[in-house]
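My request is simple: use the sequences and hints to build the entire structure.
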Amino acid sequence: MRAVWTIAKRELCAYFTSPVAYVFLVIFLLLTGFFTFTAGNFFERGEASLAAFFGWHPWLYLVLVPAVGMRLWAEERRSGTLELLLTMPVAPWQAIVAKFIASWLFLALALALTFPVILTVNILGDPDNGIIAAGYVGSFLLAGAYLAVSCMTSAMTRNQVVAFILSVVICLFLILAGFNPVTDLLTRWASPAVVDTVAAFSVVTHYDAFQRGVIDLRDFVFFLSVIGFALFATGIIIRGHRAG
Amino acid sequence: MIRIENLVKTFGSKRAVDGVSFNVERGEVLGFLGPNGAGKSTTMRMITGFMPPSAGRVSVGGHDVMESPLAAKRLIGYLPENAASYPDMTVKAFLDFAAELRGLEGSKRKQAVNRVVELCFLESVLRQSIDTLSKGYKHRTCLAQALIHDPDVLIMDEPTDGLDPNQKHEVRNLIRTLGKKKAIVFSTHILEEVDAACTRAIIIDRGKIVANGTPEELREMSELAGAVTISAHGATAEKLSELGRVEDLGGAFRVYPKDKRQAPELARGVVEMVSREGWKVEGMYSERGELDEVFRRITLPDTVKR
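Heads up: the protein sequence lines correspond to chains G and H, in order.
Residue 39 in the working numbering is what sits at position 39 of the first sequence, and the numbering runs on without skipping anything.
Residue 112 in the working numbering is what sits at position 112 of the second sequence, and the numbering runs on without skipping anything.
Treat the hints as calculated values from the structure; they're not laboratory data.
Check the hints yourself; a few may be wrong.
Claimed, not checked - Straight-line distance between alpha carbons at most 20 Å, and here's what the computed EDC-like set of lysine to aspartate or glutamate pairs gives: (1) G:9 with H:105; (2) G:9 with H:100; (3) H:258 with H:242; (4) G:9 with H:88; (5) G:9 with H:96; (6) H:92 with H:131; (7) H:168 with H:123; (8) H:258 with H:238; (9) H:168 with H:118; (10) H:208 with H:18; (11) H:260 with H:293; (12) H:180 with H:25.
Said to hold, decoys possible - Derived DEER-like restraints, expressed as beta-carbon distance ranges: (13) G:244 with H:177: 31 to 41 Å; (14) H:127 with G:31: 32 to 42 Å; (15) G:165 with H:27: 52 to 62 Å; (16) G:91 with H:162: 24 to 34 Å; (17) G:26 with H:27: 56 to 66 Å.
Computed from a predicted model, the values in this text were never measured in an experiment.
Cβ coordinates follow ideal geometry from the N, Cα and C atoms, glycine included.
In structure tokens:
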């Protein structure tokens, strides 16, 4: 457990000693602000809710989360430090979990810095803060799922750009599988059972439940199993590299 | 400390390491020689547990590297090829990180870091980030990382690669000093290093061990070993060829013994001939043999074929 914490700490520090963290935080906050207030018509809605804020997260994360996760393993492989790390008395799963947790904490920090929107709705109206809390939980899990996918694609290649693009494509699939225009299209030629199965793989279906304030165990299980699966796959990919 | 039995590693159809076996005991410094691509790094990666072998066994300090990797890795300090380290960290942070991963905490960690900083002369760059360092310092930082837990086994992949002559000298001295209490394996293709630091050397070519012995023993494999080179006024090749095969070096003659074991007799014979014939000797010495020549003779044909 201590090894996990040691590696996670180093990883978190790495974000903040390079410009990555600051650029990411600024862009994330600017874009959430823009999407919520301008593109999301926050004021015109006349609702005391953060629907305009959370509604954009699957799309925003689509671009930003792979940017955070792409370096995790690609960088280690390119610079040769993977050899250093895995010849330390550390099990590979410890390194994988540690790196994931560090980046997830970083994303949690970015999410926490959006607190002014909570203040704004609370000052302007009387929102249901329970729904907002559920929304944040959902958003955090969503970020985790994307991040785990980015971890996996990052382990596949030495090239961060390739890792980024692969990750965006997989995450896009995870969104589109449950995106209304796509499911509508599917219903024309597929049976409802098929459409539901495909939609069940979508992060959007599960994410939306949180935005309605519903914290359902099944949605939790969905996100955690996406994370678990992607990290497990990361382990297999890394073992494959070592075997040569 | 290190036991390797029949180690094999295949990449696709290529056998990078093909049935390598050797042991290294405490107090031994083993030099691992071979042309590029001979399988040196691959073997080291298997010893350190980074790569699983395709066949064969590696055990370090009695722990099988595949079965109990963590116990084996705790005993090993490893300097990977190119001395990789995290460029965005400071030297201090990097060493602290390595110490912490090795389970050193609090005052023990401080002591360990101070010890390796002193050992590797890193005091002046402690607060600099690694990407601003020169290659020599980067190298020593990574070496410091390998030594931080005072390991019983030290594996180094080209520890003097890219260093200037002074730094090379320092690193060799360090290896020799450390080698008294540890089991050390290091790879190199600089042959003088074998003389400077090793108690034993292995030459590996295309995945197979082609020579294994002390630097002296390897040198004796040289054709040159035991030959007598003489430059003397009045000496003729004709006369000298009574003693053995003669090579004219232009101004000097080199006499090769008919049989390696007769080397002392050859030297005596030359001296007797000199006094008998009344030659005026300007220089005369007995060749020890050159590692360079042994290395080339053992590995060259294959390199050319490739």
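So, going through the hints one by one against the coordinates:
1. G:9 with H:105: This hinted pair holds, its Cα atoms lying about 15 Å apart.
2. G:9 with H:100: Roughly 11 Å between the alpha carbons, so the hint for residue 9 of chain G and residue 100 of chain H holds.
3. H:258 with H:242: Holds, at about 10 Å.
4. G:9 with H:88: Since the Cα atoms of residue 9 of chain G and residue 88 of chain H sit roughly 14 Å apart, the hinted pair holds (cutoff 20 Å).
5. G:9 with H:96: Answer holds: residue 9 of chain G to residue 96 of chain H is near 12 Å, not above 20 Å.
6. H:92 with H:131: Given that 20 Å is the threshold and the Cα spacing comes to 13 Å, the pair holds.
7. H:168 with H:123: holds (19 Å)
8. H:258 with H:238: This hinted pair holds, its Cα atoms lying about 16 Å apart.
9. H:168 with H:118: holds (17 Å)
10. H:208 with H:18: Given that 20 Å is the threshold and the Cα spacing comes to 5 Å, the pair holds.
11. H:260 with H:293: holds (16 Å)
12. H:180 with H:25: Roughly 11 Å separates the two Cα atoms, so the pair holds.
13. G:244 with H:177: 31 to 41 Å: About 35 Å separates the Cβ atoms of residue 244 of chain G and residue 177 of chain H, which means 31 to 41 Å holds.
14. H:127 with G:31: 32 to 42 Å: About 36 Å separates the Cβ atoms of residue 127 of chain H and residue 31 of chain G, which means 32 to 42 Å holds.
15. G:165 with H:27: 52 to 62 Å: Hint holds: Cβ distance 53 Å, inside 52 to 62 Å.
16. G:91 with H:162: 24 to 34 Å: holds (32 Å)
17. G:26 with H:27: 56 to 66 Å: holds (58 Å)
Of the numbered hints listed earlier, not one is contradicted by the structure.
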